[in-house]
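**Student:** Numbering (full-length UniProt numbering), first residue to last: 1 to 538.
I should point out that these hints are in silico values taken from the structure, not numbers from a laboratory.
Where hints are given, some of them may not hold.
Said to hold, decoys possible - Beta-carbon label-pair distances, calculated as ranges:
#1 E152 with E129: 30 to 36 angstroms
#2 D15 with K180: 29 to 35 angstroms
#3 K145 with E21: 35 to 41 angstroms
In this text, a Cβ means the ideal position worked out from N, Cα and C, and glycines have one as well.
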Amino acid sequence: MIDIPELKETLSWDDIYNLLESSLRISSNLDPKLLVNTILCECRKVINCKDCNLFIYDSINDVFYHGFDTSKYIISDSLLKKVLLSNEYEVLTNLGDSDNHQLENNHDIKTKRFSNNAIYLPIYNTEKESPIAVLEILDKFNLDKDGIEIEESFSQIDIVKLRCLSKIFSISVLNCEKYKEVRNTKEKADNLLNLVQSLRPDLGLQSNLFTLCIHAQEIIESEHCIALIGIPDRQQIISLISDTGNELLFNYEIGDIIHKIIETRHSLIIQNTGDDNEPRFVNRLVECSCSSIRIVIGSSSVSTNNDDQFIRLLQKVYGGEKPIYNALVFPIYAERDNWSCIPTPSQRISSISSLSSAFSSFEIGHDYEDLASVSPRNNSILNSSIISSSVVAPSSPKSDRVGRSSLINQPHTNTRSSSLSPSTQFVQGNNTQAISLIVLINRLGVFKEKSKFTENDVRLLEPFGRIVAPNIGTLFQTSLFSYLQTIYNTDRNISFNKYQDKMPQDPPPFAFPHSNWKNRHSDIIFEEDEDGAKDLEK
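Using the sequences plus the hints, can you model the full thing?
**Tutor:** Right, dumping it as structure tokens:
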């Protein structure tokens, strides 16, 4: 390494004109990839070097990438990191010597092994004062009268030219970021508009939740996105969309992390602070206070005794063999003022398998005592096909003014026949909500690398949740009730089939109430085969 003294020479008019043209070509690019290619091309022209490279710094993973190639990275403990931290350029000469062989192996730059001299110049963000990249210039040369390349060492003028180009490149990077933000804002607005138009009740609950997941992944890039349905009255969440194809039902308790999300209406960021062999998850509840002017974000660490249960639930939905590095749980609430009435299942059914447990109490055998053991209580459960439920009549500003709360406990007849038919009374709930938990798993960065969820991601999802909240309420009204009804009917049919399988195929005659042979049909009294009938005729 050598020290460059202070500049004593001056730039010629040709150098100034070339720098101006190069600056215009660099600053005219708004695409990051084209910007990187342009600055490398201009550096070759201005400095007359054989090759140049740009190593972009990833501050999250603390590595360098060669341009936009994320397949190969350079470790941060190298000359590049030293140049970036010191914010001073480095000039290397005679790289083939044994003294500099150790530096060559530290950062594994292939082109450096074939060069005789090099310049490493750091590039910083002029607005945020954050490191962006390190520019590498290799092997300056000039042509003699015969057109033969002559190697030259870097001069003070070359350092000044590179500094000017690096400043222009830093400003151009800011322009690319601003342009990307404007373009992303337009795309997100278009996506949200398409989302509202695509959420249709006639598509069904699963199709609409799948649409929600697709649009959430477009806003926050992640490996996977799932949607959970929350039923606070029963302290349950249901997963209808999973990689395993199974519909999962999870019961949470008061004080669990899911209960905290639903009660506080705060988002949750889960980050793995350990490794793949011994994961250790840290939870942070993120509070988002919105106003007409700005959105204020605040977070606080939280831990409960049953946090591992929620992680295991996500692992079942995501797939048992896929690792979870981090996750963002974003709740979407639809208040009862935003959607019409929704029938809610009765508290008599504590879980999806309640009817199954009722049918499992029937032990049918060939013995009359076993048949008589079926109690009248179980027979009433078996024969009843109507499960009482309640219709929630949401309040409105008009109803509050007129005082229509007198609808409570008023009789109401409904002739609809269904396994989950409404009851004969209106019940007005105060905390009626439709809740969906959008869970984003494994955040991805710009270069598809592993990244971390931040409070800014919650800020990006806030307008998404506000727009789709009324549609979530409509989906719950039209689809969730039908879906739960289907679950109960399916569970009841399966249990009834099991009950029929346990019935004896040829029961003894005394098992029937009309055990008197005089009141029985002739085909039951006389059970004869064809050979026996022929013998009687003879």
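**Student:** Which numbered hints does this structure break?
**Tutor:** 3
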